[in-house]
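Letter by letter, the chains look like this.
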Amino acid sequence: MSRSPLLLDDVNERQGIFRRRAFLLGGVAGVGLAALGGRLAQLQLVESGRYRLLSEHNQFEFVLTPPPRGVIFDRDGVVLASNRPDFRLLLAKDETTDVDQVLNNLAQLVEIDEPRLRRLRAEIDAAPRRSPVALVEDMTWEEFSRVNVRAPELPGVTADMGEVRVYPFSAAFAHVVGYVAKVSAKDITKDGPNSEPILLNPGFRIGKQGLEKSYDLDLRGKPGARKIEVDVKGRVLRHDPRGDLPPTPGAPIQLTLDSDIQNRAMEVFGTDSGAAVMMDCRSGDVLCMFSAPSFDANAFVRGMSGPDYKALAEYDRKPLFNKALTATYPPGSTFKTMVALAALEKGVDPSRTYTCNKHWYWGGRPWGCDQAHGTLDMHSAIAKSCDIYFYQLALSIGPDPIAKVARAFGLGEIHDIDIPGQKPGLIPDTAYKRRAFPKDPVWHAGETPSMGIGQGYVSVNALQLCIQCARLANGKVALEPRLIHSIGGVIRPSGAQAPNLPFDPAHIAFIQSAMAAVVTSGTAAGGHAELGLGPIKMAGKTGTAQSHNYTAGSRGQHGSQGAWATRDHAWFIAFAPYDDPRYAMSVLVEHGGMGADASAPKAAQIMRVALLKDPQIRARITQPPPVPVATPDKAAAPPAPDATT
Amino acid sequence: MTVSAISRPGERDRLMVKLSHVDWTFCLILTVIAGVGGMVLYSIAGGTWSPWAAKHLVLFGVCFLLMIALATVDLQIWFTLAYPIYALCLLMLVAVPLVGHATMGARRWLDLGPIRLQPSEMIKVGLVLALARFYHGLDARHARLSFRLLIPAAMIAVPAALVAHQPDLGTAILIAATGGLMMLLGGLSLRVAGGLFAALAGIVPLAFMFVLKPYQKARLLTFLNPEADRSGSGYHIIQSKIALGSGGLLGKGFGLGTQSQLNFLPEKSTDFIFASMAEEFGFLGCASVLALYAAVIFLGLRIASTAHSHFARLASSGVIVGFGICVLINGAMVMGLAPVVGVPMPLLSFGGTVMITMMAGFALVLSARVHRYSEVASGRGVLF
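Chains as they are written, first to last, in this note's numbering: chain F, 1 to 645; chain E, 1 to 384.
Derived contacts from chain F toward chain E, CB cut-off under 7 Å, selection only:
id : residue
1  : E13
2  : R21
3  : G32
4  : L40
5  : D231
Across the chosen pairs, the derived CB separations fall in these ranges:
id : chain 1 : residue 1 : chain 2 : residue 2 : range
6  : F       : R52       : E       : P266      : 16 to 24 Å
7  : F       : Q42       : E       : T31       : 25 to 33 Å
8  : E       : L190      : F       : L45       : 32 to 40 Å
9  : F       : P241      : E       : A201      : 56 to 64 Å
10 : F       : L200      : E       : P266      : 26 to 34 Å
11 : E       : G255      : F       : P68       : 33 to 41 Å
12 : F       : Q42       : E       : D74       : 46 to 54 Å
13 : F       : N194      : E       : P51       : 45 to 53 Å
14 : F       : V31       : E       : G195      : 20 to 28 Å
15 : E       : T31       : F       : P241      : 41 to 49 Å
16 : F       : Q42       : E       : P51       : 27 to 35 Å
If you are wondering where the hints come from, they were derived from the structure by calculation, not from laboratory data. Glycine included, C-beta positions come from ideal geometry on N, C-alpha and C.
Same shape as in the complex, but just chain F:
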């Protein structure tokens, strides 16, 4: 084709076609560019606001700042639970490619043992992608700086200073205050306060027991946030302090407990198992609530290894169990105060006598007493704790009046004390039999004598017995216990704002005097309940409760001998001073044997602290020292210092 020259008109035709089509293409390009311009206008002018927002979402991230947890104080402002700084290492999971390598490098800088390494690996595997994992907590400053220097060898690991809960009295308040621990997967709920993202914060802890659990939301506070600029990999580039939202600290909680009394209770119990509860019998404030033996609450904050926890949980004195609230026992002879009051209310003359010959045959079987008390009236029957007297007294009035009095004194019910796991115990009556035993709905007369000495179906916890004692000592008001003095400065209503007891004050005064006789001439006489505070005397009532059913005749030693786990539970309830009751308490020694031997001395020791801290009581005990009378005789007077020269 190239050999034959093209004709001129052909050339012109080609040029014409080209020009037309080039013009057309130019037009198409123009339209295309105009379309792009239109799209630009749509994105950059019309929808600009939306994209600007999206851009900021990309650029900035809000990182939650955990709020400082509310501090818990005792009634004098002594700190029972607070927070201390915690140097720790966090691992950002999505920045680390080789977790094993990082952990091995870290193990050379900080001591991490093999089981801990294994647990860490599991924790890292289980953690959500964007949430960092706390690798090491509670580092010393030396370890912390050593790791910081070697940071390049630990990609994805950041050092950070957090806060961790600390209980200065590690064990004394472990059951009441409880403890916080790391959030576990089952703590997180779909909605509600436990769905908040702050729970995923590394090292965040929530209340797992005691008041830490029941007031978790008050103590927790509201998380704040830090506004940080991040790049596409989530690396922090800048921190914008103006964008920060400060966290709202958790509310401080002041308890009515007294750390001196509580610590004394812990000392007094030693390795014994049991509980002690003390209330102010004018206000209802709980001054002491201790369960023995206790455990180190700080160990739970750190996180316990499996074997350590197992050892605690399997110890037969059950340190993890709050024996003041969550365990119920027969009240034993302490219940005789209720039976006697019920009889008085029924019009029984306190001078009514029964004769005790150590054995009493009724209903075709023998009923025993620990000794032959002879003929007793009600006053001395309480003081000497004669079972045979109370078998017959209970039979003469029946179960229902006793149950009515016992319930009025707070037994068999759950009290509003805000510690989870409270057990109500049981005060039986005919209605209870009908309800609980459909096959045998009748109260048999043979069940009444046992109830008369606080055995049988009757079961209570140590708090209830303390309330009973406080109401007896108050004599008038059906005091309610108050454990929380204030939350965040808001004071809780006093336990004294309760209705009056529906009983004759004279009858209660009679019980009080009989309880005084227990200490002076009854079962706890002879120094068991001696305070050693001069005119300040304690009144009380012993109780010895069967921990299991005895075969006939095997209980000759009152169950205070033999293997520990088969011995009786020892109770003592007490109030002091007898003449002006201020403090009431109950002491339980599990498998302690006799109430007078095991519990009364402990009660006296703990009561002393409360009494000695009370300035008005102190004023009564400490007499002014005898002032030597100056003699007017000048010769006998010592010479003045300057006279010797």
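Model the placement of chain E on the given structure of chain F, informed by the hints.
Quick look at chain E alone, frame taken from chain F:
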């Protein structure tokens, strides 16, 4: 057409005269666009010349000088070398799958000692030259519809298929579209062109089903619904739209584009550089740059239309067509109007071979302008 130029034969061959016939407005516009590219590259590198801005501007400077030099080369020489250049490019394209350098699963690069070349870019210029040369010797009747058109069709199809095989679908489409439009400019029957286009439209869904690689399918589906997969394939488009939209009317300001600075925007220096620019300079900046591109296309097509030789017309218009398609596809992709295909924004995007071939193409355009009165003698070529 000046009187003196006619009156004095040989005058037009003098270098100074040739330089005076270079379209300096056109050159200025190219320089401004490349300068904006350098600015954006400087900004998104966090206000540093490395790794992109300095290289980009130096390369443009060198290419600019070469472009001016090449613009003075007589069209006859271009005409003579057209087929050899095309053949060389094709050879390199064949060599790529055998000895090429693979990045991100595709073999696109050829290592020649110190230089790394992307033959798929070079073939664009080679194809334009070859097609222009072929049509130069074809009369209007044959150009309309004849069996001879199978030759240019093969010239287009072979490199397009090779590039698609690399795989680089974007460039393959670009090559095919450039070639197709050049055939249209050469005089292909509009009815036939329309029919072919319709047939293509029918084949595309089939191709989607059987030919496309999974990642290419994913990109297409993502384009249709980017929000469905925010962190995966849809990420590019969403982040690009965020960068554009958040720029607003005036932009976030030089060096203040968070999308690009914080790396939320992928490929911020190459394929998505327009989004980087849009974020910092806003609608006004973008519209201005688009206007500059429009000016390049307008001036380029005007140069093509005023050329005397058919070779010069088709060669310069082919370069401009390729350039225009590139701008439109990249713009549409960045704005979420087209699927993500690897097509750079000419003169703005960072990239060596693209810059070299694009500037070589502009050298052809300028040469067509400088030699607009010369006729090219056919039959003196190497092959025909």
